[in-house]
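Engineer: Each protein sequence line maps, in turn, to chains A and B. Everything in the first sequence is counted per the working numbering, starting at 1 for the first residue and increasing by one. Everything in the second sequence is counted per the working numbering, starting at 1001 for the first residue and increasing by one.
Hints in this document: simulated from the structure, not taken from any laboratory. Yeah, the Cβ is synthetic: ideal placement off N, Cα and C, and Gly gets one too. Please note: incorrect hints may appear among the correct ones.
Not the full set, but computed from the structure, chain A residues with beta-carbon under 7 angstroms of chain B [as the list claims (entries may be wrong)]:
no., residue
1, R10
2, K45
3, G51
4, G55
5, S81
6, G83
7, A111
8, H115
9, A118
10, F121
11, G123
12, F124
13, V127
14, S140
15, R152
To give a feel for the contact side, a few chain A residues facing chain B, derived at Cβ under 10 angstroms [claimed, not checked]:
no., residue
16, H11
17, M72
18, Q79
19, L82
20, D94
21, A103
22, E120
23, D129
24, S133
25, V145
26, V166
The lines below spell out each chain.
Protein chains: 2
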Amino acid sequence: MGAVDELLARHRAGLAGPSSRFDAVDTPRPRLKLAVLTCMDARIKLFDVLGLRHGDVHILRNAGGLATDDAMRSLLLSQHSLGTREIMVIQHTDCGLHRLRDADLAGRIEATTGHRVAFEFGGFDDVDDSVRSSVGRLRSAPGLVGPRDAIRGFVYDVSAGTLHEVE
Amino acid sequence: MGAVDELLARHRAGLAGPSSRFDAVDTPRPRLKLAVLTCMDARIKLFDVLGLRHGDVHILRNAGGLATDDAMRSLLLSQHSLGTREIMVIQHTDCGLHRLRDADLAGRIEATTGHRVAFEFGGFDDVDDSVRSSVGRLRSAPGLVGPRDAIRGFVYDVSAGTLHEVE
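With the rest of the complex left out, here is chain A (with noise of 0.2 angstroms):
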């Protein structure tokens, strides 16, 4: 049985189960007027993390929690459609951008693949610039509303389970 195979037998106990898990809320606007962008890393666990009930916050995730045209895509919909008005920016330690270099993972995929892919990946050296580095972006976007100070940027340390902010 493959993994999503797995997920959706997990998915099916948990809609059969006693438990009332699911708190239905009947709008897509998020309760606190915020966007969360984060990694992917599987080691974060953001509702908990944050405290998260259903319908607080939007939640974007890509590789590293950077703010890439994409982000900004779902960043000026979430504000302009949906009415969020604060960011939170969140990387982490041990992310696997941490010093990767472009070239290293392109040849990794070419040698497994055969297919050349030309990708800037996002790499970086120091988590904590990375993460002012998507800050300023946002703060400098274009169509984005709100002051400076309603993006903050954050490392999450996935051993510790906390969070530092990123001055």
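Based on the hints, put chain B in the right spot on chain A.
Structural biologist: Then chain B, alone, in the frame of chain A:
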């Protein structure tokens, strides 16, 4: 107090609380070798929907759960640096992209901020078709590994809490 401060207070309360809500996982490689691509929507509590455990899967989220270039960047890293092999695309009912027209949103952004942005936001008229389109793009994407049927698409019903697979 802003929304970020509210969540930082919840984070601190969680750390101080009696329950052990944090399970340390010492590898960035997802245990189930699966990446899940879904929407940023505030009503998708993915850990509960799929019965996820800490460290199980990569989670990618953007507006719509679309297979964008940035999702491709993340998936290439997920597969070739961190060992995932299956991909699950989950879009959902009542999405902010449903029936969205680029010109309407761009007009709203310009009216609010004075900036004219040029984005394809990814609006769609039928969510099943949108899932098929994203799954199709990933199945034909150069650089991804694994058989075509290791990439599967679903729609999550945000009212009922149920998933259905798109064939």
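Engineer: Hints first: check each against the structure and report whether it holds.
Structural biologist: Taking the hints in turn, this is what the structure says about them:
1. Taking 7 angstroms as the C-beta contact cut-off toward chain B, the hint placing A:R10 at the interface holds, the least distance being around 3 angstroms.
2. The interface hint given for A:K45 is met, as the beta carbon of that residue sits about 6 angstroms from the closest beta carbon of chain B, less than 7 angstroms.
3. Annotation: A:G51 was flagged as interfacial toward chain B, and the flag holds, the nearest CB pair being 3 angstroms apart, inside 7 angstroms.
4. The restraint placing A:G55 at the interface with chain B holds, with a minimum CB-CB distance near 5 angstroms, inside the 7 angstroms limit.
5. At its closest, the beta carbon of A:S81 sits 5 angstroms from a beta carbon of chain B; the interface hint therefore holds under the 7 angstroms criterion.
6. A distance limit of 7 angstroms between C-beta atoms decides the matter here; for A:G83 the minimum to chain B is near 10 angstroms, and the interface restraint is violated.
7. Checking A:A111 against chain B by beta carbon gives a least distance of about 9 angstroms; that is not within 7 angstroms, so the hint is violated.
8. With a least beta-carbon distance of about 4 angstroms to chain B, the hint placing A:H115 at the interface is held under the 7 angstroms criterion.
9. With its C-beta approaching chain B no nearer than about 10 angstroms, A:A118 sits outside the 7 angstroms limit, and its interface hint is violated.
10. At its closest, the beta carbon of A:F121 sits 6 angstroms from a beta carbon of chain B; the interface hint therefore holds under the 7 angstroms criterion.
11. Interface restraint check for A:G123: the shortest CB-CB distance to chain B comes to about 9 angstroms, outside 7 angstroms, so the restraint is violated.
12. This hint is violated: A:F124 has a C-beta 13 angstroms from the nearest C-beta of chain B, more than the 7 angstroms allowed.
13. Hint status for A:V127: violated, given a least beta-carbon distance of 13 angstroms to chain B, over 7 angstroms.
14. Evaluation of the A:S140 hint against chain B yields a violated restraint, the C-beta minimum of about 12 angstroms exceeding 7 angstroms.
15. Interface hint at A:R152: satisfied, since its Cβ lies 5 angstroms from the closest Cβ of chain B, which is below the 7 angstroms cut-off.
16. Hint on A:H11 holds. Least Cβ distance to chain B is approximately 6 angstroms, under the 10 angstroms limit.
17. For A:M72, the shortest C-beta to C-beta distance to chain B is roughly 7 angstroms, which falls under 10 angstroms, so the interface hint holds.
18. Residue-level restraint check for A:Q79 holds (minimum Cβ-Cβ distance to chain B is 8 angstroms; threshold 10 angstroms).
19. For A:L82, the suggested interface contact is upheld, since its CB lies about 5 angstroms from the closest CB of chain B, less than 10 angstroms.
20. The interface hint given for A:D94 holds, since its Cβ lies 6 angstroms from the closest Cβ of chain B, which is under the 10 angstroms cut-off.
21. With a least beta-carbon distance of about 13 angstroms to chain B, the hint placing A:A103 at the interface is violated under the 10 angstroms criterion.
22. For A:E120, the suggested interface contact is upheld, since its CB lies about 8 angstroms from the closest CB of chain B, less than 10 angstroms.
23. Given hint, A:D129 at the interface with chain B, is violated; its Cβ is 19 angstroms from that chain's nearest Cβ, farther than 10 angstroms.
24. Annotation: interface hint on A:S133 violated; nearest CB of chain B at approximately 16 angstroms, more than 10 angstroms.
25. At about 6 angstroms, the closest approach between the beta carbon of A:V145 and any beta carbon in chain B falls short of 10 angstroms, and the interface hint on this residue holds.
26. Evaluation of the A:V166 hint against chain B yields a violated restraint, the C-beta minimum of about 13 angstroms exceeding 10 angstroms.
Hint check: violations occur at hints 6, 7, 9, 11, 12, 13, 14, 21, 23, 24 and 26; the rest are consistent with the structure.
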